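A.B. asks: One letter stands for each residue in the lines below.
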Amino acid sequence: MSDAAPATAPVGAASILPEVPRLPSHLVDQLAFPHRGTYKQMVRACRDAGFEMCADVCAVDYLTHPGRSLPEGVAPERFEVVVNLLSLSTRQRVRIRVQVPGSDPVVDSIVDVYPGADAMEREVYDLMGIVFTGHPDMTRILMPEDWEGHPLRKDYGVGRVPVQFKEAPGPR
Amino acid sequence: MTEHERQEPELPEQVELTEERFAELEAEVAARHEAEERQLLAETSEGAQELAPRTSTSAGELRSEVGAVLRLPEGGYVDPSDIDVEERDDRTMIINMGPQHPSTHGVLRLMLELDGETVLRTKPVIGYLHTGMEKTGEELTYVQGSTNVTRMDYLSPLNNELVFSMATEALLGLELPPRAVWIRMLMSELSRVASHLMWMATNGMDLGSTSMMIYGFREREMVLSFFEKTAGLRMNTNFIRPGGVAADLPDGWEDDIDVLCETILARSYEYDELLTGQPIFRERTEAVGSISAEEALALSLTGPILRSTGVPWDLRRTMPYLAYDKVDFDVIVGTYGDNFDRYSVRLNEIRESIRIIRQVAEMMPPGDYRVQDRKVTPPPRARIDESMEALIHHFKIFTEGFRVPEGEVYVAIESPRGELGCYIVSDGTSKPYRMHIRAPSFVNLQSLPLLLRGGLVADAVAVISSVDPVMGEVDR
Amino acid sequence: MGIEDLQHNFLTGRLEDLVKWARRNSVWPATFGLACCAIEMMAVGAADYDISRLGMEVFRASPRQADLMVVAGRVSQKMAPVLRQVYDQMMEPKWVISMGVCASTGGMFNNYAIVQGVDQIVPVDVYAPGCPPSPETLLHAILTLHEKIRTGEITRRPGSAVKAGEQATGGWTPTVPDAVRVATPR
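Chains A, B and C supply the protein sequences, listed in that same order. Taking the working numbering, the leading residue of the first sequence gets 2, the next gets one more, and so forth. Taking the working numbering, the leading residue of the second sequence gets 751, the next gets one more, and so forth. Taking the working numbering, the leading residue of the third sequence gets 340, the next gets one more, and so forth.
These are calculated hints, taken from the structure and not from any lab test. Keep in mind that this is a model prediction, so the values were computed, not measured. Keep in mind that a hint or two might mislead.
As a list, the in silico EDC-like pairs of lysine to aspartate or glutamate whose alpha-carbon atoms are at most 20 Å apart [as the list claims (entries may be wrong)]:
no., chain 1, residue 1, chain 2, residue 2
1, B, LYS873, A, ASP138
2, A, LYS41, A, ASP113
3, B, LYS979, C, ASP387
4, A, LYS41, A, GLU78
5, B, LYS873, A, ASP147
With these hints in hand, go ahead and build the complete structure from the sequences.
C.D. replies: And the structure:
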């Protein structure tokens, strides 16, 4: 990883350009799909390569959409942790997607690489139930302290209260 | 005449009210009240989310909570006596500020550890406005999506709609007509002006200047009445939709914009007289809540906070969207990263936005205000009576919604608070599979422990105000 | 034995009018702005839709000094106990205006996170619909409340209002306020 090279996703990760980029070319992100074990290394390498800011950490629960398109060599799992990094000097973004199994939703925390990921990882834990090891304060942030369940998971209902209207024909 | 026999009602056993009995009853009532209070307190306390007392916090956690943001290099060592971890617990007190508080800009709860008047540690507790908008977003179609998203950052609702629509259009592969793009730009900049005016009003109020509150709202009413004329609503307009905008600009809009720009620009110089040169304001805002550029980048701060530290990062200039590369404006940058810099960045951004609005009004192209793709844009209402196809399209779009091809995209724009991003994962149906909004205020709130450290409690109010959190987007 | 026990005659009837006049012309709201409706509430307090002409521009931060709680915005599950606590801290007589559809019924957010109507937590006097209600709607709601104070009973205990044909409810399930015509006969 030479410093002279412009910031790109580190070599060795399966990186593809997304198939539906209709954005102007400077808004198209590069994607990277590291394995869970090498995820933190890759994030560190990105930071060293010039991606100064972690724009966003979120997670997606692919329980009801398992057949999504992934490059070869990447085994789909139930959860995906998505990290968007931003390089201010080269005006580029990279999106890192890590597959996290539903049976063992644990992944490394990148808080010591990007301290700004602190609150974002807590939100992912709160709403999706993915635990980030090495996070200084892994507690719920949005839901009340004693809430049970992780609301954004696909097997957690919306919690819709049926509304009774007069002459109501049926749901919704 | 029968005498109606009065039945003696069953009275409970008469109890002698002796001294002891009275004391017992009193104690019972007091215990019941205490239990109720304790239960209510337990319901409102957030346990592990709150600030733990100094004695029960490990040195490592204390180090991070006192604001050490920049991590040590590998092999570095911090001498614990450098940080006053050893301070006795009874010298400091942990107080709770909020969530119902006049100055916390919504339902933000802060736990402050104070040593006298000085703030040591801070812990923001959020979630009091959590609405489950991301979950709701998965239940609504893309057409309905902007009604949901617009209520996140409720001070500049059009920006939320804009980023959601841009993400949807990126997945759809739509090319917008130029007029739609320029109308969007106009509304987005007006929204920025309204948001910054609102910020100036509340910031002035927090620092004690009630007249600034009235002036800010007076100007904001002008922008809101323009919104009402164009979009139908003052706030939460649901005007920017995937495919374009909901309606064309009304007749005479150029004159309205002209008056608006002139008035607001002239009055923004009045604010200079009221606040910028005023010694008390300067004393209260200069060197208060300073942050350096490295700390800001490490904490992922964006928007006026980042620009006040000297980093000229504005997505409208560096990664332009809509037609921002065709208008001429300056990116306002501060130097010291303190409250005063953030205030002047926002004040001057109002003026720059007025400049952009003027150029947009001059350069507004004619044409369609929505893309003409029948699968995305509902037909005009008059056509529904004439054409069967139009009726079917209308029906399909408003009941089922339009399908968006599979894929995922992250789009970011510059909202008045920073980088507002929208990450949509689509599975080919008419509802987003996952809709995540990267809210700038949520990330910017992480800077509070650092900014408040070592300051006074009165400065805490000013600093929170200058970070400009909007709890709707913090909690979503 | 208070003013509420007095029988109506020409002297105490007038006194009751006086008390009600005093109460409705200086209803001080407590700051309970939660979300977007709070911005419209602030706009009502600002110059264009001045509520200072109704004597209400002093938004008291302390619930002990406030008469009216305008629940402006969506109430989340985490906020509900706080809302109840603030309501309990207010002194009688107190009123509640539920501003906006989210406070009235949960609004467009029918999900796990939002309390479906603040009347599940506190008794509400006036509901102001809208998303957000424009300042004029909120002013109408406030005037409705003034009407209610003018024509209502001198002390309002939740659930103790017994009107003709209505049963006194045991708990504090609130009765829906009547629609108000400005010239309501006494």
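A.B. asks: Check the hint pairing LYS41(A) with GLU78(A) against an upper bound of 20 Å on the C-alpha distance.
C.D. replies: holds, 18 Å
A.B. asks: Is the Cα-Cα distance between LYS41(A) and ASP113(A) 20 Å or less?
C.D. replies: Holds: LYS41(A) and ASP113(A) sit about 10 Å apart, inside 20 Å.
A.B. asks: Between the alpha carbons of LYS979(B) and ASP387(C), is the straight-line distance 20 Å or under?
C.D. replies: Between LYS979(B) and ASP387(C) the Cα gap is close to 17 Å, so the pair holds against 20 Å.
A.B. asks: Check the hint pairing LYS873(B) with ASP138(A) against an upper bound of 20 Å on the C-alpha distance.
C.D. replies: It holds: about 11 Å lies between the C-alpha atoms, which stays within 20 Å.
A.B. asks: Next pair to validate is LYS873(B) with ASP147(A); report whether the Cα-Cα distance is within 20 Å.
C.D. replies: holds, 19 Å
Checked against the numbered hints given earlier, this structure breaks none of them.
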